[in-house]
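With chain Z fixed as given, assemble chain R onto it according to the hints.
Number of protein chains: 2
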Amino acid sequence: MARTVFFISDGTAITAETLGHSLLTQFDLGDFAQHRLPFVGTLERAERAAQAVTRAMEDDGERPIVFHTVIEPKHAKLLEATGACVVDLFGQLATPLEEEFGVSRERHVGRAHGLTNVDSYDLRMEATNYALSHDDGANTDYADADLVMIGVSRSGKTPTCLYLALQFGVSAANYPLTEDDLDGADLPKSLRSAHGRLFGLTIGPVRLAQIREARRPGSRYASLARCRSEVGDAEMIYQRRNIPHLDATHMSVEEICTKVLQKLKLTRRLY
Amino acid sequence: MARTVFFISDGTAITAETLGHSLLTQFDLGDFAQHRLPFVGTLERAERAAQAVTRAMEDDGERPIVFHTVIEPKHAKLLEATGACVVDLFGQLATPLEEEFGVSRERHVGRAHGLTNVDSYDLRMEATNYALSHDDGANTDYADADLVMIGVSRSGKTPTCLYLALQFGVSAANYPLTEDDLDGADLPKSLRSAHGRLFGLTIGPVRLAQIREARRPGSRYASLARCRSEVGDAEMIYQRRNIPHLDATHMSVEEICTKVLQKLKLTRRLY
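Each protein sequence line maps, in turn, to chains Z and R.
The numbering of the first sequence is numbering that gives the first Met the number 0, which starts it at 0 and goes up by one.
The numbering of the second sequence is numbering that gives the first Met the number 0, which starts it at 0 and goes up by one.
No lab work stands behind these hints: they were computed from the structure.
Misleading hints may appear alongside valid ones.
Restraint-style ranges between C-beta atoms, simulated for each label pair [what the hints assert, rightly or not]:
1) ARG227(R) <-> ARG219(Z): 53 to 63 Å
2) ARG191(R) <-> GLU98(Z): 54 to 64 Å
3) ARG219(R) <-> GLY29(Z): 57 to 67 Å
4) ARG219(Z) <-> GLU178(R): 39 to 49 Å
5) LYS264(R) <-> GLU43(Z): 18 to 28 Å
6) ARG54(R) <-> ASP143(Z): 40 to 50 Å
Yeah, the Cβ is synthetic: ideal placement off N, Cα and C, and Gly gets one too.
Excised from the complex, chain Z in its bound form (with noise of 0.2 Å):
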């Protein structure tokens, strides 16, 4: 019973693989081999897409489910006439907004995807350059930071900030907290500009001490002593100060960015 899935667009199908993935993570039917067929924008190409289809079907004999976002309706009534179960994202999703509207979509193929002004571009860019540039302690200067994100070594705080860029187009510095620090109990001097911008991360020692040991395998850093005390010695100076804080140990670097954004008030600078 092995069935093909495959996710169509005319721009990158991102949207479409994205929703379509968490649609059938509802069903619990196990793995299904999934494709993405995306810059589906030309006839030509739809057809091809709609032959890929159709072998599927034929390989597997099961018909395939296909989730797409191809606006053209030429294009996708190919993909209809495939005869899989096809599920089409915008077409579905529209009508409520049609009715509420009292308008028709319009189906300009580009308009929906991607962030191609040049505008929201120059923003990630330099969004993405802050990160880089204030990485790890790199540069305390704070100034343009929209926030601070402090944490002890491989906390997450790296992922988080550049996700936040390019996702979000927020400009986040990040800073770890060391044993020096720690052993101060107090936050270093450099950051106290930033409070009001400033988010701790926290993490599960015994989490950390894995993530440390396969960076320095037997280290007195790895060590799970070691993270019991610096995550202890952490969170203590973010109560004692007021900082908004979380425990990232079993959240995606989505769940952590939408959280801190949300404690912080932030709200996202691009689409």
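For chain R alone, kept in the frame of chain Z given last:
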């Protein structure tokens, strides 16, 4: 005729926001006030979300648009009851799948969202660390690279490699083609072992000069003449060495990454 749009989820609401935003751009109705309400996973939070929707309706004198992926039916009903134009993304899209599979979807809050499994998290971290340690020619040992991105300075290599890591779990190094490399009119030796995994970025010289000018105003580095000559030389190397390449001038990071994966026949490593 102001309208407010809400993106509501028991998860991050990033999917609801991305898809809802794409849908709205197809109507060309100008700007809406937009609010993302994540982590609406309890009755209390659902009530608060419904109150926010009701308040917006009173303030605007117009029905708000609500895109949601709230899985728990009781919580979804509270949103419906506001009288707003409510688009239940999972609900609307699950119906054809339920018919196809002959089973109802299981409504497990949290399962549809996030990347909370440890393997995915580790893969993302690893790919992000790889991109950072192999950024901008810092380390030219490409044995473990899924791909090596090359291009002149400021052609967009770094954000592309970081996005490949965070979104797809792909390990991408990048190497800047310097004037020295370009004068040699051939690939530097360190890159030759990576043939087959190389990808060239290129960019319109006018746009490049604009980006460089913002960074080093009035410099020779930012001059249009220098940008023209560097871009021309880089493109010649791509052609001579048969390196797949792309003009990224008018593309979003998502589009660039998708094209790169497609041309190098790489697939995403995580969901």
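Okay, the hints, checked on the actual structure:
no.: 1; hint: ARG227(R) <-> ARG219(Z): 53 to 63 Å; verdict: holds (54 Å)
no.: 2; hint: ARG191(R) <-> GLU98(Z): 54 to 64 Å; verdict: holds (60 Å)
no.: 3; hint: ARG219(R) <-> GLY29(Z): 57 to 67 Å; verdict: holds (59 Å)
no.: 4; hint: ARG219(Z) <-> GLU178(R): 39 to 49 Å; verdict: holds (45 Å)
no.: 5; hint: LYS264(R) <-> GLU43(Z): 18 to 28 Å; verdict: holds (20 Å)
no.: 6; hint: ARG54(R) <-> ASP143(Z): 40 to 50 Å; verdict: violated (34 Å)
Checked against the numbered hints above, the structure violates only hint 6.
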